[in-house]
Amino acid sequence: MKNVGKIWMIMLFMLVSASFYTLKTPPVEAGGTIYIRVDGSIDPSTANITRDEFNVTYTFTGNNYDTLVIERSNIILDGAGFTLQVASADGISFQYQSNITIKNLNVDAGPGSFGIHAYYSLNITISNCRVYSSSTGVCIYHSSYCHIYGNIIERNGIGLSIQGSDVENTGHHNLIYNNTIASNRNYGILLYGQRNSAYWNNITDNDVGVVISGSFNNFSENKVTGNKYPNGRGISISSQIGGCNVSYNYVAENTWGIILGAGYGDYTPNTLKGNVMVNNSRINFGLSYRAEMAYLYNDVDTSNTVNGKPVYYWISKENDALPLDAGFAALINCKNITVANLNIEKNLEGIILAYSNNCTIYGNNLTDNGDSSYHYGNIALYHSSNNRIYNNNVATSNWNGHGIVLDHGSSHNTVLKNNITETYVGVYMYYSDFNNVSNNFLRQNGKRGISLEYSSNNTVYGNEVLGSGEYGVYLGAQCNDILENNITAYKYGLYVTGSRNTIAENNIMENWEKGIFAGGSKNTFFENNIINNNEGVYLYGQNNLFFHNNFVDNAKHVTYYWSGIANYWNNTYPIGGNYWSGYEDKCPNATELDNSGLWDTPYVINTNNIDYYPLMAPTKPITRKFTAYSNIKVEVYSNSSISQFQFNINAKSISFNITGPAGTRGFCDITVPLNLLWGDFTLYMDGIQLIEGVNYTKTCNHAQCIFHVTYTHSTHEIEIFGTEVIPELSGSAAVLFVITAVLATLATIKTRKGINRIKGFHSPFQV
Numbered sequence: 000m001k002n003v004g005k006i007w008m009i010m011l012f013m014l015v016s017a018s019f020y021t022l023k024t025p026p027v028e029a030g031g032t033i034y035i036r037v038d039g040s041i042d043p044s045t046a047n048i049t050r051d052e053f054n055v056t057y058t059f060t061g062n063n064y065d066t067l068v069i070e071r072s073n074i075i076l077d078g079a080g081f082t083l084q085v086a087s088a089d090g091i092s093f094q095y096q097s098n099i100t101i102k103n104l105n106v107d108a109g110p111g112s113f114g115i116h117a118y119y120s121l122n123i124t125i126s127n128c129r130v131y132s133s134s135t136g137v138c139i140y141h142s143s144y145c146h147i148y149g150n151i152i153e154r155n156g157i158g159l160s161i162q163g164s165d166v167e168n169t170g171h172h173n174l175i176y177n178n179t180i181a182s183n184r185n186y187g188i189l190l191y192g193q194r195n196s197a198y199w200n201n202i203t204d205n206d207v208g209v210v211i212s213g214s215f216n217n218f219s220e221n222k223v224t225g226n227k228y229p230n231g232r233g234i235s236i237s238s239q240i241g242g243c244n245v246s247y248n249y250v251a252e253n254t255w256g257i258i259l260g261a262g263y264g265d266y267t268p269n270t271l272k273g274n275v276m277v278n279n280s281r282i283n284f285g286l287s288y289r290a291e292m293a294y295l296y297n298d299v300d301t302s303n304t305v306n307g308k309p310v311y312y313w314i315s316k317e318n319d320a321l322p323l324d325a326g327f328a329a330l331i332n333c334k335n336i337t338v339a340n341l342n343i344e345k346n347l348e349g350i351i352l353a354y355s356n357n358c359t360i361y362g363n364n365l366t367d368n369g370d371s372s373y374h375y376g377n378i379a380l381y382h383s384s385n386n387r388i389y390n391n392n393v394a395t396s397n398w399n400g401h402g403i404v405l406d407h408g409s410s411h412n413t414v415l416k417n418n419i420t421e422t423y424v425g426v427y428m429y430y431s432d433f434n435n436v437s438n439n440f441l442r443q444n445g446k447r448g449i450s451l452e453y454s455s456n457n458t459v460y461g462n463e464v465l466g467s468g469e470y471g472v473y474l475g476a477q478c479n480d481i482l483e484n485n486i487t488a489y490k491y492g493l494y495v496t497g498s499r500n501t502i503a504e505n506n507i508m509e510n511w512e513k514g515i516f517a518g519g520s521k522n523t524f525f526e527n528n529i530i531n532n533n534e535g536v537y538l539y540g541q542n543n544l545f546f547h548n549n550f551v552d553n554a555k556h557v558t559y560y561w562s563g564i565a566n567y568w569n570n571t572y573p574i575g576g577n578y579w580s581g582y583e584d585k586c587p588n589a590t591e592l593d594n595s596g597l598w599d600t601p602y603v604i605n606t607n608n609i610d611y612y613p614l615m616a617p618t619k620p621i622t623r624k625f626t627a628y629s630n631i632k633v634e635v636y637s638n639s640s641i642s643q644f645q646f647n648i649n650a651k652s653i654s655f656n657i658t659g660p661a662g663t664r665g666f667c668d669i670t671v672p673l674n675l676l677w678g679d680f681t682l683y684m685d686g687i688q689l690i691e692g693v694n695y696t697k698t699c700n701h702a703q704c705i706f707h708v709t710y711t712h713s714t715h716e717i718e719i720f721g722t723e724v725i726p727e728l729s730g731s732a733a734v735l736f737v738i739t740a741v742l743a744t745l746a747t748i749k750t751r752k753g754i755n756r757i758k759g760f761h762s763p764f765q766v
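Going by numbering that gives the first Met the number 0, 513 is the number at position 514 of the sequence shown; the sequence numbering is gapless.
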């Protein structure tokens, strides 16, 4: 009996489960098409739709699962709250019809399809519908005088698309209002037609909120929020359209807020008034400024605000100063304007000058403006000349925007003493000539510190360019001067692909891949310090000239793409070639050539790259760092060549050789850390004790001693002895250390073993 009871229980459970599954699964019906024919009939007649006696009102009596094609004008389709669900075809489709109303219907058309598709039709009303899960929810294609209101259009690829043509005079005078357009994967609204109006809509959580790509459209009093696809925009007004009115919209918490494209000169300007932009995460407001001057004559007034601060969009003003409360600043065709002491953040440009000259930009704090994809920056100049940009603080927190951009035809500008931090490119010159970029501090700019592309006759002087990033200075241009810059800690310190540039007196140091990438041709590199790079110079171009450079402590001084690339490594005798650290070890038998300060033995890179007159000493004093013990370093600052550095822990001494042109004066400053060598110091040169105050001076603090030693050049050995030295790990101490480490390891294993047993887990480390 017990077994019979169990069998009945199992059968009952299976029956209930099957019933539940049946209730939860939507009915599957054969795919097909439902027609409302031109004569008013419904085909097939079995569709869950009824019609009134006048063939005007068609009402759903249940859900339908086939595409509905309307072939009749002047009708009302009432969904009565039911659903039209189609697996992989359009929901409702009609063409060349007029006076159709669709209301109270749920439309789920599935991917690759339109929810509701009006094609070349007039006077269509869509209201109180919910349209979802389609590729395009509602498509008004070349259709005019339509009303779309009170709908929920969500989870489609594109929510609502209005398309039209000037030539065909289609896609105009449509009204879109009181809709919720949400969570669409691509766009909330695409507005391509003309003279359409969208107002009182809630457009939220789409990848992009609204794109306006047709002229004379009105987009007002909408709420556009939370559209957050990376670089997704709240409102985007495309370039080369005009006469649009975008006003009194609330635009908040999108990735980008409002982006205004350049207008169209044959139309009236675009108008922006009363828009409130708040807390958009990347960009609140911006101008796509690359256009002819007339295309930038938009009507944008201070009633537009960015986080409560007004937008200033000045056109053709002269001899004025921008107010201090600016949230965005654009100067179009302006002269002699001062832009000073502003705090501007999170716009496509913080300050933009287009076709503006003789302006001064100083003392501003610009934060997180710009976008690297479009070359826009915190400060951007376009076709603007003779402007001064100085003492500004520019920074981003995500390396998205550029610092200062000199773009297309911006010439004779001065960029001076700006602090530019963590931008994508610090200073970017693009098709711009005769500019001066000097004494700026650039730090941690992710792609490039300073970049020149297609730009000539510019001077880049005295800048501090500190990594880390990919390129310290990128030189894809010709006939520029790169002078006296410090370029440190980039992948490529200086990356040259242009020609006929002069690169002189720069410090190119500690770049982790290449100090200089030497592409291009006929560039001149002289008097640069190329120090402590992984590769000092990488040869990719040819017919470049290198002389009087100091190659010091690079892992490899010169490498090359292939050995057939030929460059020049010295000027004529007795001007000479370059200084190479380690030369004395490579050429131990070399001697001075005729008291010239040049070695008599060439420095050979390969058969096509030879320095025939290598220098005996650096062209200027340089600092070298020698590892003495563990991570403790001794620094030597000298105008001599330093070789054969040694630290002898047993002798408690430091020693090295110095070399320079015979008869010239030399010096070295030796910095000795007091945790390496200390006590009473004694100095020797060539075995002869030096006298403090006569041959050298000593300056000490709690951490180090600096010895300044002077001499007449030839080759000398300098020795420094102390009475105390860092203790070397003795043999017995080493044994004790090993025993202690082993015991600690065993104790850890034992503890782990106990824990593992408690947990019932057998560790492979158990003993």
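Worth flagging that the hints you see were computed from the coordinates, not collected in a lab.
Treat the numbers as computed from the prediction; the structure is a model and nothing was measured.
Quick reminder that beta carbons are idealized off the backbone N, C-alpha and C, glycines included.
It is possible that part of the hints are untrue.
Simulated DEER-style distance windows between Cβ atoms [what the hints assert, rightly or not]:
1) ARG664 - ASN342: 33 to 39 Å
2) TYR119 - GLY362: 55 to 61 Å
3) GLY362 - TRP199: 28 to 34 Å
4) GLU634 - ARG664: 17 to 23 Å
5) CYS699 - TYR628: 49 to 55 Å
6) ASN342 - GLN645: 52 to 58 Å
7) ILE631 - GLY362: 41 to 47 Å
8) GLY408 - ASN342: 57 to 63 Å
9) ASN649 - GLU691: 21 to 27 Å
10) GLY362 - TYR228: 35 to 41 Å
11) SER396 - ALA339: 21 to 27 Å
12) LYS334 - ILE631: 27 to 33 Å
List time: in silico BS3-like cross-link candidates among lysine-lysine, alpha-carbon distance up to 27 Å [said to hold, decoys possible]:
13) LYS490 - LYS651
14) LYS272 - LYS222
15) LYS651 - LYS619
16) LYS585 - LYS619
17) LYS490 - LYS521
18) LYS697 - LYS651
In ascending order, which of the hints set out earlier in this document are inconsistent with the structure?
Violated: hints 1, 3, 5, 8, 12, 13 and 15.
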